[in-house]
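*Asks:* In the order they appear, the protein sequences are chains A and B.
Under the numbering used here, read the first sequence as residues 70 to 206, first letter to last.
Under the numbering used here, read the second sequence as residues 4 to 101, first letter to last.
No lab work stands behind these hints: they were computed from the structure.
Computed from a predicted model, the values in this text were never measured in an experiment.
Glycine residues also receive a C-beta, built at the ideal position from the N, C-alpha and C atoms.
Errors might be hidden in some of the hints.
[To be verified] Using C-beta positions, here's what the derived DEER-type ranges look like:
id: 1; chain 1: B; residue 1: Lys5; chain 2: A; residue 2: Glu98; range: 52 to 60 Å
id: 2; chain 1: A; residue 1: Asp128; chain 2: B; residue 2: Asp11; range: 44 to 52 Å
id: 3; chain 1: A; residue 1: Asp80; chain 2: B; residue 2: Ser13; range: 43 to 51 Å
id: 4; chain 1: B; residue 1: Ser13; chain 2: A; residue 2: Glu138; range: 24 to 32 Å
id: 5; chain 1: A; residue 1: Val74; chain 2: B; residue 2: Lys75; range: 44 to 52 Å
id: 6; chain 1: B; residue 1: Glu90; chain 2: A; residue 2: Glu76; range: 44 to 52 Å
id: 7; chain 1: B; residue 1: Gln36; chain 2: A; residue 2: Lys159; range: 23 to 31 Å
id: 8; chain 1: A; residue 1: Asp161; chain 2: B; residue 2: Asn71; range: 22 to 30 Å
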Amino acid sequence: MQNWVKEIVVDSKFENVRTLTEFVENSLEPLNPSPKAIMQIGVAIDELFSNVVRYSGSDNLKLILNVNEDVLTAKLTFIDEGVEYDPLKKSDPDVTLAAEDRPIGGLGIYLVKKIMDGVEYKRDGRKNVLTVVKKLA
Amino acid sequence: MKIEKNVDASNMSLALEGRLDTMTAPLLESEIQGKLAGVTNLEFNFAKLTYISSAGLRVLLAAQKIMNKQGKMIIKNACAEIKEIFEVTGFSDILTVV
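With the rest of the complex left out, here is chain A:
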């Protein structure tokens, strides 16, 4: 059984979306994940981290990467110490509306829910803990 954990802490600044993405891509590369899985994990990092930078007020973000090599699954846990915010409580946007009726925005979390295999939120003391799970094959 091969399970491993890596983690990284970055300042809550937009440009660190690259730092996080490279950290995860480089860590997962030896497992030969599918290009689609890697792209979708990148999208999830972009959406979740940019929300933390924009709204949480947290100075930094910790990302914990758990990998289960037996079932080729990655779990990414995003931890910030910002204001309590459960993005999963937000109702889904209506994706059948015409362009004219669509609000600009509100798609990020919906997208994460659709392209990840699991999304969970919990408040742990002063921390927001958001976890996504994705199969790599």
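We have chain A; now place chain B onto it with these hints.
*Replies:* Same frame as chain A, but now just chain B:
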């Protein structure tokens, strides 16, 4: 991200290379916002675009809303992964992806 922009009378084409995400979407927005006056054909070439997040979708939606009033907009050569992002967000019904 790299943006190659060509304007020929009322035709504007934008070839994007790299990642259209939180960091780069503002670049594309600045190439489009306030610059579509008189444009009736807007074409995006996504052949070298590897990645799109909701920040990129927002810019495309804003452009589509403008072009619905004054002409047409098409997206060419999007890869399968990007097409899937269009599918799950319903953008494939709004955009013209050829």
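*Asks:* Could you run down the list of hints and mark each one as holding or not?
*Replies:* How the hints compare with the structure:
1. Separation of Lys5 of chain B from Glu98 of chain A is about 24 Å and departs from the stated range, judged on CB atoms against 52 to 60 Å.
2. The beta-carbon spacing between Asp128 of chain A and Asp11 of chain B, approximately 48 Å, falls within the hinted interval of 44 to 52 Å.
3. Separation of Asp80 of chain A from Ser13 of chain B is about 45 Å and conforms to the stated range, judged on CB atoms against 43 to 51 Å.
4. The hinted window of 24 to 32 Å between Ser13 of chain B and Glu138 of chain A is violated, with their beta carbons roughly 55 Å apart.
5. The given range of 44 to 52 Å is respected by Val74 of chain A and Lys75 of chain B, whose C-beta atoms sit roughly 50 Å from each other.
6. In this structure the supplied range 44 to 52 Å is violated for Glu90 of chain B paired with Glu76 of chain A, their Cβ-Cβ distance being about 33 Å.
7. The supplied range of 23 to 31 Å is met by Gln36 of chain B and Lys159 of chain A, whose beta-carbon atoms lie about 27 Å from each other.
8. The beta-carbon spacing between Asp161 of chain A and Asn71 of chain B, approximately 24 Å, falls within the hinted interval of 22 to 30 Å.
Violated hints for the displayed structure, listed by number in ascending order: 1, 4 and 6.
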